[in-house]
Every structure is written in structure tokens, then in C-alpha cells.
Amino acid sequence: MKRRHNPILTFLFAGLILLFTGGPVVLSLIGSVVPDRILLNSDAGLFDEGINFETYRYVFTGELPAAYLTEGANRAMISDAARQVPRSLWNSTVVAFAAMVLNLLLGAPAAFLFARYAFPGKKISFLFLILSPLVPTVALVTPIYMSLQAVGLVGTQLGIILVHTAKALPFTVLILSVFFRKMPAELFEAAMLDHCSRFQAFTRIAVPLALPSIGATGLFAFMLSYSEYMFSMVLSGDAETRPVSVVMAALARNTDVSWSLLNTGIFIAIVPTLLLVALIWRFAVEDLLGGSVKG
Amino acid sequence: MWSINRFPIAWLLPALLPVAFITIYPIAHALWTSLHQVMILFPVEPFVGLDNYKRVVTSDYFLDALRNSLLFTAIAAPSVVILGVAIALFLQRRFFGSQVIRSIVLLPWVLPGAISAVLWVWVFHPSFGVLNGLLLNLGLIDESIPWLTSPKLALYAVVVAHVWTQIPFAVVLVMAALASINSEVLEAGEIDCRSPYKRFRHIVFPEIKAMVVVLLVYNALTAFTSYDLVYAMTGGGPGTATTLLSFQIWRESFSMYDFGAGSAVAFIVVLISAVLIIAITRALPSDLFAKEEAS
Amino acid sequence: MNITRRLFAGMAVAGAAMIAGPAWAEDLTLEFVVWNYSLDTIQDNVRQFEAANPGIKVKVTDYTWPDYQDSLILRFRGNTQTDVIYGGQDWLPAWAAAGFVAPLEDIAPKGAVDDLKKDIAGFALSDMTYKGKLYGLPYYADTISFVYNKKILGDAGIAVPQTWEEVTAAAEKLKAGGMARPIVYEYNQELPNFFDAFVAQSYGRGAELFDAEQKAVFNDPQNGAFQQLEWLADAFKKELVQPETHESKIIPAMNTGKHAFTIVYNYVLAALNNKGDQPRAGEFALAPMPGQAHATLGFSKFYAVTAKTAADPKRAEAAWKFINFMAGKPYTVAKRWAGEKGLGFGQLPLFDDPAVIEPWAKWIDVPTLSKQVATAKAGTWTEWSAVWSAYFRPLLAKAMVGEASVADTMKDGAERWNTLREQFVKQ
Chain U
113 MKRRHNPILT
123 FLFAGLILLF
133 TGGPVVLSLI
143 GSVVPDRILL
153 NSDAGLFDEG
163 INFETYRYVF
173 TGELPAAYLT
183 EGANRAMISD
193 AARQVPRSLW
203 NSTVVAFAAM
213 VLNLLLGAPA
223 AFLFARYAFP
233 GKKISFLFLI
243 LSPLVPTVAL
253 VTPIYMSLQA
263 VGLVGTQLGI
273 ILVHTAKALP
283 FTVLILSVFF
293 RKMPAELFEA
303 AMLDHCSRFQ
313 AFTRIAVPLA
323 LPSIGATGLF
333 AFMLSYSEYM
343 FSMVLSGDAE
353 TRPVSVVMAA
363 LARNTDVSWS
373 LLNTGIFIAI
383 VPTLLLVALI
393 WRFAVEDLLG
403 GSVKG
Chain E
0 MWSINRFPIA
10 WLLPALLPVA
20 FITIYPIAHA
30 LWTSLHQVMI
40 LFPVEPFVGL
50 DNYKRVVTSD
60 YFLDALRNSL
70 LFTAIAAPSV
80 VILGVAIALF
90 LQRRFFGSQV
100 IRSIVLLPWV
110 LPGAISAVLW
120 VWVFHPSFGV
130 LNGLLLNLGL
140 IDESIPWLTS
150 PKLALYAVVV
160 AHVWTQIPFA
170 VVLVMAALAS
180 INSEVLEAGE
190 IDCRSPYKRF
200 RHIVFPEIKA
210 MVVVLLVYNA
220 LTAFTSYDLV
230 YAMTGGGPGT
240 ATTLLSFQIW
250 RESFSMYDFG
260 AGSAVAFIVV
270 LISAVLIIAI
280 TRALPSDLFA
290 KEEAS
Chain F
618 MNITRRLFAG
628 MAVAGAAMIA
638 GPAWAEDLTL
648 EFVVWNYSLD
658 TIQDNVRQFE
668 AANPGIKVKV
678 TDYTWPDYQD
688 SLILRFRGNT
698 QTDVIYGGQD
708 WLPAWAAAGF
718 VAPLEDIAPK
728 GAVDDLKKDI
738 AGFALSDMTY
748 KGKLYGLPYY
758 ADTISFVYNK
768 KILGDAGIAV
778 PQTWEEVTAA
788 AEKLKAGGMA
798 RPIVYEYNQE
808 LPNFFDAFVA
818 QSYGRGAELF
828 DAEQKAVFND
838 PQNGAFQQLE
848 WLADAFKKEL
858 VQPETHESKI
868 IPAMNTGKHA
878 FTIVYNYVLA
888 ALNNKGDQPR
898 AGEFALAPMP
908 GQAHATLGFS
918 KFYAVTAKTA
928 ADPKRAEAAW
938 KFINFMAGKP
948 YTVAKRWAGE
958 KGLGFGQLPL
968 FDDPAVIEPW
978 AKWIDVPTLS
988 KQVATAKAGT
998 WTEWSAVWSA
1008 YFRPLLAKAM
1018 VGEASVADTM
1028 KDGAERWNTL
1038 REQFVKQ
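Chains as they are written, first to last, in the working numbering: chain U, 113 to 407; chain E, 0 to 294; chain F, 618 to 1044.
Worth flagging that the hints you see were computed from the coordinates, not collected in a lab.
For glycine and all other residues, C-beta sits at the position ideal for the given N, C-alpha and C.
Do not rely on the hints blindly, as some may be mistaken.
What the hints assert, rightly or not - Within a straight-line C-alpha distance of at most 30 Å, the following computed DSBU-like cross-link-like pairs (lysine-lysine) qualify:
| no. | chain 1 | residue 1 | chain 2 | residue 2 |
| --- | --- | --- | --- | --- |
| 1 | F | LYS854 | E | LYS53 |
| 2 | E | LYS151 | F | LYS854 |
| 3 | U | LYS234 | E | LYS53 |
Claimed, not checked - From the structure, some residues in chain F lie toward chain U, with a derived Cβ separation under 7 Å:
| no. | residue |
| --- | --- |
| 4 | GLU864 |
| 5 | GLY893 |
| 6 | ASP894 |
| 7 | PRO896 |
Let the hints inform the model, and build the full structure from the sequences given.
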């Protein structure tokens, strides 16, 4: 961009965005390193006792914070549920990644056809896809649960992957077809002259050109799966395969979790996920965004 | 646009099948349920016609819940899109730290609803909330503002939290759409239009309009049908100030053991969502659906 | 790259996973479904049971408390193997009537149940009994208590309130002294806790919500429940109350020292007074529930067996062993819950057990508690209670904040109760 921007305004906006999107997360960081007895006590300064990583140590090693070993303390406010967080992050990543890959593999070819071809049954199948998310999934929990129970997928990651993939697919197809339609027709006409097959047109022209959009769409499918709660809850089995959304809901709603332990769980859940998303953003979207703007 | 003579099964079936799996039978099941008396307390399930629908529409929660849901959607969906577009436009600027902000913007996305709820409860809480603490310290208020506990404010507080969770997706998609604008168009715009507003209005916006419509539809649907964040923050209260219609599907089915009424609420939600979508696509015509019909 | 082939490959993998299915080992595996309060303690108890009972394995599946009931209904409807569950007093009649759960007499050796019954507190026994049969043994049994901050009342020179009117007066005095909202009140349309707490307060006034024929009588303006709702609406109107959606937030809220009163389960008091992490631990105490009667609601959460399991002799036998281990003599597990986590107990001999009373004395005044437990009454739980309570809670919520009148709310609630009652009796 050649335009000059007012640097003060730029930083003001940047600061506001940072505060709005990042602020609550900084809260969880503070909450996780300051014990409740300081945090809730308005007379004490926030860092009077310094910062303390005992709740982190508890999550990773199971060693109780020192305060729980003092006279008169009971164990009412510390729960093993917090120790499930690291494992659940991995579980969710696996599920979300599988849902993302499946979405792109299954959705991109369909989106390409919807965007660039006319064929019998097009309208009805497109309408079916984009109208299917209209029915709130809450109403479908019982029949979907029973269908999956019938094929033995309740309590398995495969069941969750299947549902998450299917939930995201209509949006994947819709968004990708918007992008595929935006591509200049001449490119494909040239390909036709070169006797490219439909499949080659798709893999050699459409996909490479649409990579940033595919990245963004994949990110969407990933996040949809990563943060989905209802199906993750009813379909997940034991703690070993449980996704992070379910573990966090348990932490957030249980009485036996202190505020600082809860925030420790939250912060541990945020960091790797943020890194992962930042990486996807940086390599799958950002570079390609830059590339296509210049090109 | 090219033509294919028969329905391209190999291209479309992979996308259609999973979606069909979680929609066709489940929706048929839900529709059947909505026309029968399906209550756990009473084992026979007689056909009752539209009785469930009648009972839902005349129930005393219906008007409150409908009003809240519509208000929630009417504020949340446009806010997400407007803020999303604004942030995406802003993030096209290059400045010191712009990379960091681009990643931070994604933060709310990575958080499951339960976590977002905890963080925003902490921001708004009347006793230990950060927002009140800040305003009190700055001397802007003398007494805590009951963000979540006053019937007048609670809905707006939960809208803020909901918007926060939805912005990243909007930003990513708008940025991807902005990136796919042909650079020649932009350069021509630089010369023709001096005012940034006009440039946006006449050159940028038409290019991203299809995406904006998709986003608006998606966000209207999400706002109208999701409730977990809201219920985690307020439990539908105070009073019935944040009681949402989509939540009644769950409540009728699983709290009141009346699956017939629950499914009836679901189809009422479908009907209203359809009206919303038609209204949005009418108000903001884009080539997205029109071309579909022409082809 | 052929998409169809990929799809088929995927389906083949899915198919293989299905066929492999659950491996049939020689051990019998009980499916134990719980809400995940202190999951690690549950699992440790299970491990001890497994060690003591070779040949029986127990698989624990847990859901969060707000999702528990719904998830269990889904399991029942979806026919998911479920053997032993946590049950609740408000759900029992409906579940028993629908044939989800079976009486313990069906699976226990002769006389075993009667022997255990003798030790169980009256309200807990009532909670676990349906049509004269016992459906559970207590996981824990607790009462709902009126909790106050000793230090705040002491500093302000306020005596512990004996009636709800005195609570209002004390709160007004505190408010005048600068405390914005002296009362924290758990209030969430979607949790049964909210209705239970309301019943407990009404019991404090000596109210009976239903008559001997289980017809609703709380719509009478003289009824204690009616008066209690008026009291609540008045306290909300005077801005004395801060609603709180969940007990997990009451703990930090009370510990900010910005509130003096709340109404919670006793185990929340244990958390409030926990020196391990709470800044104001030790400042909180329970007082007899305000009102002339000082009675409160007692309730029991319990281990129950599903009807499907009770019908299968092998599983039934294992299920009884498990339930008896968790809740039967010598009450090891119940003592553990009481000592470590402050959960109440339904087995009365534990009141004389130093292993329970010593840790309890650190966070609760045991003599006051045992008096309160002695006056605790069970709720009225019928097949339609849970359904009705879900219907009534939003109405109650509206009346509290002044969006609906107390009289209309009580009338509507009573009518709905009586309609459901007739519908069910006819059935």
C-alpha cells in the first residue's frame, strides 16, 4: 500500500483491537499466577506475594500447591479435572485437524463444481447444502446420537470427527464457491484449450490460486470443530479422548475448582492453540495474502 | 460457465453424504416428533397434529424469548460484520507490530464457549469484575454497574461477549476476500477516488459484497441459534432478560421431558431463520444466489 | 487423486473400527455414570473397589452437573449401556415411572437393604424411596444453609438474623453503611438448585407447599412459600440482592468481602472457609434457616441401578457389590467424601465419627449443623416434579425481579402443578 496513514491513529486503533481481543486473555494469565486470596482481596496489591506458578505445577505434575498443605485447608477446591487440560488439547487438535482436512478434501471439489459448472441437479443439491444448517442442531442431538449409537461411534473420536465435518461442510462449500467464482474465466478457458481435464483444471489452476481462501476456510472448519461443545460432550467417551471444550466446561462449572486453577486451565488451553492458529495464519494465509495482492 | 450433462456424483457425493447423514434422517425424526406427543412421562406417543406448535406459541416464555432472540440477532450480527470489515481493512496496513495484532485478533476464536463465558463474567462481574474495578478506580463511577445482573443491561453485556467470539472469523474471511481483489482494480481506484470512504464504497465494497452477505447470513444464523455462551454467563436471567428462543428447544426436550414441544420450537426457529436469511439477501442483493438461478 | 476412492477408504476404516468394537474380556465391566465433581476421588474409590473385587471392572463416564440429567436421558433413549448412576431426589419418581431405574431390593441379597436403611437420615430415605421401594443409597446427603459473614456482622454490630424480616433489616443497615448488595443469591433458571433453595427458605418459615394429596397449596397468600417470594421480590426491589448464576461464582464473590449473606449447600461453606485458597476463610458460618420454624430442605444424591442392569443377574450382582462398596458399611467412601470434600452424609452414625467431625469442625459449627439437620425436611418429589420445576423456575425468576406479580406467579405455578398431577394420575 502506498497510502500514508496517520501513525497515531494507527496505533490507537491497534491498541483498541489489542485491548478488546486480547484483554480478557491477559486477565486469565493474571488470574492464573495470583492466588485467589490476593486476587479477591481488594486491600492487597495484585502482586504483593509475587507471582506463583503452583497451579501450573499442579496441572502438569499433580503436586499440590503449598497452601493446600497448611493447617485447616481442605482439598475441596482443587480438582483433577484441571490435569486433563494438556491431554484434551491434543485430543481436540487431532479431531479438529481431521475435520479440517476432511472438509477441504470433500468440500473443495464440490465448491469448484458449484462455482464453475452447470449440471442437472445443481440447484437442488446446492440448496440442500446451504439450507441444511438451518435446523438448529440441538433439535437433532437425539436422532444423531441414536444413529451414531447404531453404528457404534458413540464414545469415539471418529464419531465427533464425522459430526464436526458434516456441520462445517455446508459453510466450507459455500465460502469456497464464492472464491472459485471470483477467479477470472480466461484462466480456465486457456486450460480448456490446452485440453486439461476438469480434474486438472481444478488441481492445477483453481486450487493453487485459491490457496489463501482455502487456508482461511480450513481454519474455519478447524475452529468450528475445536470449540464445538454439544456433540463433543454427548459423543466423547472417557477422559483419555475428551476434547478441550468438554474439559473446560467441566472446569468452569464445577464448585471444586478455585478461580486461579480455572484460569490456569484456561491459559494452558489458550497458548498452544494460539500458537497453532498463528502458524496456520502465518504460513497458510498471510504469505499467500501478500502474494496475491502483489500478483 | 461450462455444462456437464449428468450429475457429477464423484465430485459432489463426498460433500453431500456426511451432510445428509446428520440431516435427512435426523430432521425427519425431529419433524415426526414435533407432530406427536413425545414425553418421557407418558409412554404412548399419539399423533397430535400441530398441538405442540400451538402450545409453544401460546406459552408464556415464547414472546419474551422471541423478542430477546431477535434483539440479540439484530444487534450481534451486524456488529460482527461491521467490526469484522473495519478490523480487516485496518489490518491491511503495515506498521510496527501488525503481525502480532493479526495473530492476537484470532484469539477469541480459539476459545471454547465455556472459557469465553468465564472470561467475560470476570470482566462484567459486579463483585470482582475488572470493568467495574477499572471504572471505580478511574473515578468514572461511584457504584458498581450491575452489567450482568440488571435486566436492562444483561442482554447487551452478553451481546458484547458473543460479538467478541465471532469477530475473528469475519476478519479472516474479509481479509481473504480483500486479498483476492484484482490489484489493477485497486490501483485504478487510487487514481479515480480521492476520499477513502468513496474508495471503499465504490471500489472495495462491491468486490467483497458477496462475502459480506455470506457473513451476515452466517452470523444471523449463529446469533439466532446459539445460546451456550449466554446461558453460561447469565442462565437466561435476570428474570427472563436473556432467555433465548433457541434455548427452549433444549429446555422443552431435556428439562421438561417434552420432546414434541422441543422439536416444535426447533421448526419455529427454522421458519424465522429462513425469513431472516431471505430478508438479508433481499436487502443486500449479491450475485451469489442470482447467478445460481441463471446458470 | 480420486475422491470417491478416498471416501471408500475412509468408510472402510470406520467399518473396521465398528467390527472391532468392544473387546469381550472375561472381566465384567460396569458402566458408572456420574457428574464430575472431584472426578479423581471418584476414580480412586473405583480403583479401590476393583482391587477388592477381582473380575469386576468399572468404567467411569462423567458429565458436568448442568449437562448431567440431559446426557443421561440421551443415554437411556439411545440404549447406551449404563449400569450404575448418580441419581437425584427430584428425578427419581419420573425415572422410576419411566422404567429407567430399578429398586435396590431387586438386586440386593435379602435383608441387606433393610439393614442399611436403619442408619439413613429420614429426609434422605424419603428422597430415595418411590412407591415404598428404596432406589438408592446415599452418595451424599446435605442440607441447604443460611450462611453469613461473622466478621462483617460483628463489625457492624448486627445480631445473626432469626427471621427473614431481620435479614432484610440487617441487609438494609449494611447497605446504608456502604455495602451495595449484602445478599448473594444463586439464581439460574436452568438449575434445580435455584428452586431447591427457594423451598429451603420456605421451610424456614414452616411452609408446606403441597397438601397430603400432593395438591399445590402455595398459591395461598398465607403460605410461607408465597410470603417468601414476596420477601425475595421486596429484597430485589430494595437492591439488597446480587443474583449469581452458579455456586462456583458465589465462592469468590463472598470472599471479596462485599456481601454478608447467602443461601447455599453446606459443601459450598466448606469451600468458602477453605484456608488453602480463600482470603476470608474462617469468616463464614451457618445460622439456622431464618423463619419461625428454622427448618430447611434436606436432600440426597445417591447411587442407583438401571432397570436394564437389574434384569441381568450377573450385572445386577456386580452392581450391588459396587453400590454397597460405595455407600454401604463401614461407610468408608462416604467418610472420605465428608472428610476430604465437606460433602454431607446420609448415614447418621457418621455424626459420631471423629474421622468426619474433626475435619468438619474446621469449617462448620457442628452442633448448629446437627440441629439444622434434625429439623431438615425432604422435598415433595413426584413423577412430574422435575418437569414442573423446569416450568416454574423461569416464572419464579420473573417474579423475583418484579417482572411478574407474586400472586400471578404462584397461581400459575399451582395450576400447572395440579394439571400435571391430574394428567399423571389419569395415566
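Structure-based check of all given hints:
For the hint linking LYS854/F to LYS53/E, the alpha-carbon distance of about 35 Å lies beyond 30 Å, and the restraint is violated. Between the alpha carbons of LYS151/E and LYS854/F the distance comes to roughly 14 Å, so the proposed pair stays at or under 30 Å and holds. With a CA separation close to 37 Å, the supplied pair LYS234/U and LYS53/E exceeds the 30 Å bound. Checking GLU864/F against chain U: minimum C-beta separation of about 5 Å stays under 7 Å; hint holds.
A hinted interface residue such as GLY893/F counts as satisfied when its beta carbon comes closer than 7 Å to some beta carbon of chain U; here the least separation is about 3 Å, so the hint holds. The closest approach between the C-beta of ASP894/F and any C-beta of chain U is roughly 5 Å, which is under the 7 Å cut-off, so the hint is satisfied. This hint holds: PRO896/F has a C-beta 4 Å from the nearest C-beta of chain U, less than the 7 Å allowed.
Hints 1 and 3 from the earlier list are contradicted by this structure; the remaining hints agree with it.
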